[in-house]
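In order, the protein sequence lines correspond to chains A and B.
Just so you know, we're using our numbering here: the first sequence kicks off at 1 and counts up by one.
Just so you know, we're using our numbering here: the second sequence kicks off at 1 and counts up by one.
It is worth saying that the hints were derived from the structure and are not from the lab.
Some hints could be false.
[Unchecked claim] Some but not every residue of chain B turned toward chain A, in silico, with C-beta under 7 Å: (1) 283; (2) 289; (3) 291; (4) 342; (5) 393; (6) 400; (7) 402.
[What the hints assert, rightly or not] Calculated cross-link-like contacts (lysine-lysine; reagent style DSS-like; alpha-carbon spacing at most 27 Å): (8) A:284 - A:343; (9) B:401 - A:210; (10) A:194 - B:416; (11) B:715 - A:367; (12) A:108 - A:397; (13) A:194 - B:401.
Cβ coordinates follow ideal geometry from the N, Cα and C atoms, glycine included.
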Amino acid sequence: MKNTLTKFNYLIIFTLVSFSFACKTEEKEPDLSVNGINYAMMVTGGTFPDETTYFMGSKDFPTGSVGTSTAKELASSGIMYKYGKFCYITTFGAPATLRKYSFDAAGKPVEVSSFIVQGLKTFGAVDFVSETEAYAASNGFGGVPKLVRFNPSTMQITSTIDLKPVQKSNATQVFYLGLTHRDNYLFMGCNYQKGFSNLADSVYVAVINKTSGLVEKVIADGRCGMIWNAGSASGFSGNSLVIDENNDIYVHGTGNGAKVPSGVVRIRNGQTTFDTSYFLDLTKATGKDCTGLLYYGNGKALTCRSEDPDSYPFDADQPSYKYYRIDLTAKTSQGELSTTIPKVFAANAFISKWDNNTAYFGVATGKSNSVFSLNIANATVKKEFDFSSGACNGFTKFN
Amino acid sequence: MPTYLKVIFFIIFPLALNAQTGIIRGKVTDEKGQIIANASVQIVGSGIACLTDSSGSFILSKISLGQHKIEIKALGYFTIEKSISVNSRSVVLDLVLKETSKTLVGVTVIAPTLERELLRLPENMTVVNTTQFYKTNQGVLDVLRRTSGIKIRTNGGYGARTDFYINGISGKQIKFFLDGVPLSALGETQSINIVPLEQTSRFEIYKGVIPIRLGSDALGGAVNIVSRNDMKDYLDVSTSISSFQTTKNNLNVRKYITNNQYVEISSTYNYARNNYPVLAEVPDEFGSPVIKNVRRFHNRYQFYNTKLSTGWVNKPWADQFSIMAQMAETQDEIQNNVIMRQPYGQAKYGENLYGGLLRYTKRDLFKNIHVNTYLSYSNVKSAFTDTTLNVYNWEGLVVDKRFSGGEISTSGNLLKTKTDVLNTQQSINWTANKDFELSFSNSYQQFYRTGNDPFAFKFYGFDFYNNPQKMVKNITGLSTETKFFNERLINISSIKYFYSRFSGNKLVDINYFPIEQRIENLGYNTAFTFFINQDLFVKASYEKATRLPDETEAFGDLMLIRPNPTLIPELSDNYNFNLVYHSKFVDIEASLFYRNISQIIYLRTSQFYAQYQNLLNAISQGAEANIRLKPHKSITLEGNITVQDLRNRSNIDNAGINNERYFNARLPNVPYLFANGGITFQKDSLFHKTGHFQVYWNCNYVHDYYLYWEVDGDKSLKNSIPTQFVNNLETSFTHYKSNISFSFGVNNIFDNLLYDNFKVQLPPRNYHLKMRFYISPKRI
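Only chain B is shown next, with the shape it has when bound in the complex:
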């Protein structure tokens, strides 16, 4: 070949080829001009992608000429997509990403678009941003209580046992997660009612349709607490004191030791004496009950937890990889029986937990394949002590002595248990193109518990708690996300496979027989979002839900509840419909729900013991509505109302009782009408030129309801929870220069007599004062 032809071939030809492709180069920064290293930059649908370097720069080459979409992502920032035209050799872009956590004039809020983005997903969910409450004394329960469709019932003050209702679904049928890790087997130290709010960034509340990424067998309700994950250094310290000798203290520190690696400490110590006054019957010397205003005297609650973690972000091999170790402890004095008539003076329960968590997330680990996985292990030790022979009255005095037994149980207890829990989940997503994504998820949980109780052994002649109990649970899910009509219609459909195996001991007469049971079940769901326009959309969803018996139902709680390893899953057909409208000044959401639940596992109690059994069927249906108005930048008005109708659909035989009259009767002891409302006023420089002032008033309303079947008894002589209307007020002031904020609040302003679960009395008017110091210097 002649030389000139070779030059033409090897030089000009490639140039000619290159002339058919282009190059995109540029830089990625945040709103303040800070460079963002390791941000992902890709041409959508092409497989061409790269990461920004340490100067925030990137180059993408061999891009075909024409119209493309470029997508830029980085952890801690909103993803952006931009249409570009590659019609020359080189296109230069300067791209700016917005942080997901944005500090505005001393107030930390999550930009509303994250919540709104999540709400646009087809699942029926509510998102609650918690960062706005850091400077207040609000706790997790206070925040969740204000959410439509949610009813929370407690048995007393801080740390008391709590029952959750979501659209009528209650208790065991609702699952709780911390960053997708199930909390149920992790004991009381991980109970949602004591999770420090300052360690969270938001709550995701799922109603009716549960995504496979939670790996859950919830029957129609799940709450996922998303931990705080600031992408910058910060120090957040707070302390508060409240009525009834309550203090809550929190420390969160994160420090980036390099651009990509951080270390973090989170620590909480909370204490409450809970000695609030209640009206109680105190028998006089003749046994005649005298109603007295007494103080709860054996109700202390103490909780601490400490988490140490380190993590890497925006690395080529991981978006985020973190290692966390934690320890936590609770100490809880048990004050009374379920209906608050019999006081206890020494029974108590304590628990401690040691555990660790590894988490790994990577988008585009392989082309269009994204991976999210975690592995967690926890060791939980508990101690239940019920050994005293003293008999107490409501004045805290010892009035008699038992001959044997405990305050709570027949035998008395000195029960210690040890539980090992392993949780792991692997989620893999494949983005085929911008309109289709396939996801796979597998969640595995293993549970092993042993215990001993020398007191019960001495009483019964054998130690039941010495029998180890094991459970394995695995949930596999496959899901598709499809977008139609230029993303105006989104569908998510899933299929789930549930498997569990547990082994324990079944009590027959006075003998124990080992038993092992396996349960398998399939579930599925589908959900749609249709966007009428950018601000108005409708959602509809359905799930055939399954809930596997949990470890407490299968094994009992080793105190008052006996095991029943023969349980089968609960099933439910869940339907949801939502209409959502968002605009600058108003957010409105209206929802309808319907649940048809069967094989409900319920705690059957008798004189001698309690046991969970598959007994009931029920229908829950209702409606909820939310509205939020922002007539002015300083004022926010919000309110919601829930109406729910729960009907018995069981026809079980009881001893000599004709049950047909109860078919379709309203289920007792469940509220059916409740509402919340609130007004927030906030303003900069109101009292001080470098300060921010906020005042927040909210109210909760619960319509009265019967404790027992509505169809029985004279209405005027029935037991009921009276109408509850509680008003709370909180003010806060933040001084920008010093980074200190103060808040002062009053709960139950009008000092109403409040009742909750089984008509247990709740605290009267109470006050709290909180101080918080928060600083977040710029990252270099």
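Bound conformation, chain A alone:
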């Protein structure tokens, strides 16, 4: 009898323990690999005047022509970020909203949670530090000058950082473009406008202390022009701030004709000022002005070289940029990525990689949208698949 009771107690305990583990499992966030989705991508689909964003996943590596029949439709254009096993998407339009996505058992995108910042018109850059710390910057239009700190696991805002010290009295607008972090600092690219013109021909980066949550200073470098690309390490589009394996931060500024070239300056590891000994003159290295840094490791990046002096990075009429390879460490250009790749729209350029062998980048032209692969070792390229609807602005792998 005693043994029977003891065994029964053990059984109860075992059951309770098992149940508690099961509950814990249920409280966990959905695991993508469980649902069989290994790849996620996002395109801007539709045709004028109704362009929208489509976000979707697939089990297998995409091939052929990829449609949107399994995609979640999001109003307006959007930006995608990936951190851990989730995608984070923000679309243009007030109030600024960041949504966290996963996939359900049927492989369809499902929104896990989101947060809103009233008063911001859209997010321009989202930078993930850890599973509990991330930052989101608004994309200008004046608006409310603040940077939002949030917990990506819970998607809750934990604090805000006042960006009033970043403002300049003679600027009518400030755009916060590009975000990265190192040590205890955030580095945020700033673009100042006066009316419809750049306030000055200079790169500006705000240095923000994460612990105090205060802007310590805004550093400037006049060897190249204003920052015009947003993004972060978790994003896919051309960045203005990238951090390499040595923890050096490279900052891209656009050119302004004969006044200043497009170029790259550097903030060395451990420093919070520009390295005066480093300057990569992109205009000289590639032959023309360039926009954006599409980093793929070991100091290597792609940039988009303007083939038309009158073109504007966000022009939507004709593609007028070509991919060029650059070595940030060596301060050199290895020339055009491939003569087989036609001119592209710089605004749709993106890069993604999940191993050290291959990087994937977008080729968005007037008539087609494709994803190509770049063999990092020998710099050869290959077309992987097309999109039948829209230009890709995010492509990533989870497992």
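Using the hints provided, position chain B relative to the given structure of chain A.
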């Protein structure tokens, strides 16, 4: 010559001559025996005509013996034609005319023959009599919404921005008129959605073929609001209160100070707080959105207008000549952005208008030549204010502060504009004979706008709005109306010449360059009606339509939309076919339509600005059907259904987007199946021996449709407007002795969640109560 021969020659001979002609004399009265002075009496096709005198009497002489037709016309009465035989020296006639506005047992209706007469014209049109709605709380939108082929979409409650669709044609492609005067350049105070219904008598809705008398460059749809023009004294006062703190008040008074001259006052004051509840996302302290039932808090709308006029009717020199002066004002609080996610707390828009109108109409100004002309001038001032730095949430709380800019625009705005608009039209008709009429019409519009915005000036360093913008538009039309086979076949054919010239400033990078553009185009149409019998007829029509860019497209709206003076006209081939049957108990109308539209001007938006551009081509085709049954004198059943298919025929290049897949795809964000139904029951002496009771139920149905391209995205994950089915009920009671009527109504009886434009939420169930006093003593 002998004297007796002279007597014979000068006395007998004329008598002999007169013996070959006759005289027609008589009197013209109305159904109540009241004399009608200055009515026109003529022998058709002969040029012999006169007016009745102050006793209603007339004499026509030197009429050849034989069969003739005599036509009698007077303003405010149905025209009659009568066959007569002049076979003696003198024919005496007593002629009775019926009023076009007839009061029957306390209910004012327009005798159906006017609507039916207009429907028999070859143009594809629908006529809606509005007098029957005076005692209800129905507004212009409510009445138009029940018409087949028409879809109306709003952005909120009373006074909200409204988009009209007629047979798939939408927005700018539809023109609105008030008694033939275009409303488009006259600002928000003249918007159709706030025109007081009590100041109208009917709506004429043209679909596909627009007559030259409207002088319009509409691409296939026009709505002409015909003002109330009672030919007798009356006093009409009404007031109503409705949910969400809404009140509408109207006063119309006309007094004939002589038999032929009247003075009139029309005045309206409407106010709505529009604080109806909506479901909105309100972020908590962590930014997590919480869906809450909140009240719209910054959505007041206020409108007033006053018109003073005097006019002369049935004078020898004019059928009607009137002078009108008006003033009007709107104040509109702007509550949210287009998709209703971001609330605003202080942005607002206001407008006021001062203007005048001269109108002259005369049939037979010269023999068989009829003239209709007007001249109108309006001065419109507007003010758009967007200066606050406050950030609001949907609970109306200030949750943050901006560093710069406005709630809506990047710079913020304190924009004031002033616009002068001149409209004039001359129409001349020549009636050659009973089977042929030639018409000429010329419409001219001139538009001049200036403005200033110190806020934008401070932000950008220059004031764009300080650049004056001008536009001149002239449309000339020539038209024939021909009747064949004893009026069994009627044809109207027209040719139109469009001209416009506008000057403004084109923005290139950050610099402005003056630009002037002229556009000329020809358009034409033809329309037929064939009467199978008196009750059954078919109509067919075609128009090569042109729409010139309007002032907003060319100049922008001076707030969010930039100018583009390089626009070219939209073009459309419009085809219509109608089958119409009218009888005492049933009216049926079935229509097919087809539109092939090119160079569509569309608002292209981006992060930084919006601008109208010629971008698109499309095809719209479909069918509509109407039925009205009167199984009993107390009961009327009506219903209509519209099916329309709008397809993209554009092949434009976008940044990196392959557009072939969208060719022939259904256009997004346009409903394609909708219907209306209603039952009216009315009875005298039901509850009171001297009263009239009426109850009216109606429903509107819209099938669900996608907001974006149907060919993209997982169907279950797409944005769509769900199926809408709205039921409304209204009852009214009129007490004859006191001339007072009451009405009570409920809209959205079942409290459905309603969405409209861009899925903006519309008001839930709401109530209204209206009281009206109407009296019309006899004219002496």
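Are the Cα atoms of residue 284 of chain A and residue 343 of chain A separated by 27 Å or less?
holds (20 Å)
- Holds or violated: are the alpha carbons of residue 194 of chain A and residue 401 of chain B at most 27 Å from each other? holds (21 Å)
Is residue 194 of chain A within 27 Å of residue 416 of chain B, Cα to Cα?
-> holds (24 Å)
Exercise. Within 27 Å, alpha carbon to alpha carbon, are residue 401 of chain B and residue 210 of chain A?
Worked result: holds (23 Å)
Tell me if the interface restraint on residue 289 of chain B is satisfied: Cβ within less than 7 Å of some Cβ in chain A. With a minimum Cβ separation of about 5 Å from chain A (threshold 7 Å), the hint on residue 289 of chain B holds.
Exercise. Does the nearest C-beta of chain A fall within a distance shorter than 7 Å of the C-beta of residue 393 of chain B?
Worked result: The hint holds - residue 393 of chain B has a Cβ within 7 Å of chain A, the shortest such distance being about 5 Å.
Does the interface hint hold: is residue 283 of chain B within less than 7 Å of chain A, judged Cβ to Cβ? Holds. Min distance 4 Å.
Next pair to validate is residue 108 of chain A with residue 397 of chain A; report whether the Cα-Cα distance is within 27 Å.
holds (16 Å)
Subject >> Interface hint status, residue 342 of chain B versus chain A (Cβ within 7 Å) >> reply: Where the cut-off is 7 Å and the nearest Cβ of chain A is about 4 Å from residue 342 of chain B, the hint holds.
Go through the hint on residue 402 of chain B and say holds or violated, using the shortest Cβ distance to chain A against 7 Å. holds (5 Å)
Fill in: Restraint check, 7 Å cut-off on beta carbons, for residue 400 of chain B near chain A
holds (4 Å)
Agreement of residue 715 of chain B and residue 367 of chain A with the hint, judged by alpha carbon distance not exceeding 27 Å | Within the cut-off at roughly 26 Å; holds.
Hint 3 alone, counting from the list given before, is not met by this structure.
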